[in-house]
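Number of protein chains: 2
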Amino acid sequence: MTSFSPDDLSLGASPQALRALIESRRAVRRFLPEAVPDAVIRDCLELAVLAPNSCNLQPWSFQVVRDPALLARLHPVCMSQNAAKAPLIIAVLARPDTWKQACANMVEYWPEPEVPGRIRHFYAKTAPFQYNQGPLGLLGLFKRQLVRLLALRKPLMRKPNSHADMRLWAVKSTALAAENLMLAFQSHGYATCPMEGFDEVRLRKVLDIPRQAIPIMLLAVGRQGEKGVYNPRLRFPLEQHVTWL
Amino acid sequence: MTSFSPDDLSLGASPQALRALIESRRAVRRFLPEAVPDAVIRDCLELAVLAPNSCNLQPWSFQVVRDPALLARLHPVCMSQNAAKAPLIIAVLARPDTWKQACANMVEYWPEPEVPGRIRHFYAKTAPFQYNQGPLGLLGLFKRQLVRLLALRKPLMRKPNSHADMRLWAVKSTALAAENLMLAFQSHGYATCPMEGFDEVRLRKVLDIPRQAIPIMLLAVGRQGEKGVYNPRLRFPLEQHVTWL
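As given, the protein sequences belong to chains U and E, one line each in that order. Take the first sequence: its position 231, counting from 1, is numbered 589 in the working numbering, and each next residue is one higher. Take the second sequence: its position 44, counting from 1, is numbered 402 in the working numbering, and each next residue is one higher.
Hints may contain errors.
In this list, chains with the same sequence are indistinguishable; a pair is considered to hold if it fits within one copy or across any two.
[As the list claims (entries may be wrong)] Under the rule of at most 30 Å between Cα atoms (straight-line distance), these lysine-lysine pairs were calculated in the DSS-like manner: (1) Lys458 / Lys517; (2) Lys563 / Lys585; (3) Lys563 / Lys512.
Just so you know, these hints were derived from the structure itself, not from any lab. Keep in mind it's a predicted model, so treat the numbers as computed, not measured.
Construct all of the structure, not just a fragment, from the sequences and the given hints.
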């Protein structure tokens with residue numbers, strides 16, 4: 359749904375327009391029943407996956423729940439919070455388990471007639487060495503020791519070298535995409551609520567989530583309802599978070 | 359640096375303008391030497407921390423490196439990659455360790471004259487119970503078992519109940535903020551490169567990073583240089599990542 363001409367690309371959002379968009383996004387907890395059109399959902403997902411991500415392995419997936427019966431089953435899973443009565447819930451999943459397929463995809467979908475040699479090599483050799491942790495994470499354990507030794511001589515990337523590292527790695531890229539997703543809905547006039555309050559065990563059953571996938575949030579989406587925002591905005595002073603060097 | 363009137367808030371970025379902004383963001387690996395003004399950096403950090411985050415505990419911090427001598431020391435830490443020659447590098451840190459102070463801050467900085475009772479209770483009782491994992495994570499271990507039992511009867515939030523959960527939790531919110539940060543720089547006409555390729559042990563020494571903080575990326579920032587983008591954009595078909603339910 360690219361509805362602007364290439365000329366518009368130079369426009370983009372101004373700092374003022376982006377600030378207004380970001381400031382207008384709040385966690386909204388009451389929605390109107392009005393459905394979100396599929397074309398809008400698709401447009402927002404397209405913007406989500408344009409987020410930067412580790413080695414372009416795109417370690418994310420999304421379950422778009424619009425079916426009223428399924429939404430009704432999700433409501434108690436979210437401990438019956440109001441936000442979970444939204445007409446649309448998107449389960450945002452981090453995928454530490456899809457890097458191997460993604461390496462193959464990178465070559466298959468390469469957007470130029472010839473895949474450059476350095477790209478072939480990276481996705482055939484470098485990335486698999488970097489991301490494969492082996493059964494029980496034993497290869498990762500070995501790599502951790504190897505890197506520790508080699509890094510005595512020169513700087514080296516030391517992670518991800520465990521399954522825990524892989525989870526952090528995938529959650530990071532997926533959260534970058536999730537922020538794009540929320541801003542995209544906001545730009546279309548739809549409010550969102552990123553929910554972390556859910557029963558993960560029940561969620562996995564209801565949505566049949568793959569064992570290795572990590573649900574990082576359930577994103578409630580819809581038109582903002584009355585008294586949709588519960589609290590005033592509060593951010594601690596920037597000075598607490600920022601060191602200037 | 360709020361440079362627009364409240365009336366502009368209704369404007370925000372249109373879906374087209376946001377798409378153009380997001381599409382124009384690429385990982386740029388060659389920068390011009392031109393410095394990034396502090397006012398721009400501050401504006402972008404302000405937008406970063408408006409990201410949604412877990413229980414508003416704002417588990418992030420940023421080290422803004424502009425000093426040429428320090429930048430020169432960071433270059434080898436980033437395995438001497440071109441992107442690390444940028445005039446500005448921001449170390450984006452996830453903070454699983456600051457929730458206790460943040461609970462106190464929520465009451466101290468509450469933006470209304472009276473702090474509502476439910477807010478006081480949440481940050482004095484609920485949040486500490488939820489996030490405190492105790493020494494060696496033993497309290498988390500106990501909570502995991504308790505939740506498992508109680509959840510036999512009704513849906514319950516089961517995480518974060520380990521130090522590993524806390525790390526995922528903090529990385530998630532921090533990455534949401536990092537995406538805002540990159541889009542903000544983009545809106546100001548500055549390019550970025552989120553670098554994960556760095557030697558974490560050396561980085562911690564050079565920037566004196568607190569032990570529990572997790573550097574999720576080093577963000578290189580500057581004006582885009584010639585041949586700054588290395589590869590064509592490639593995203594796998596949306597159908598691979600999305601399930602419609």
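Go through the numbered hints given earlier and state which of them the structure violates, listing their numbers in rising order.
Hint check: 2 fails alone, others pass.
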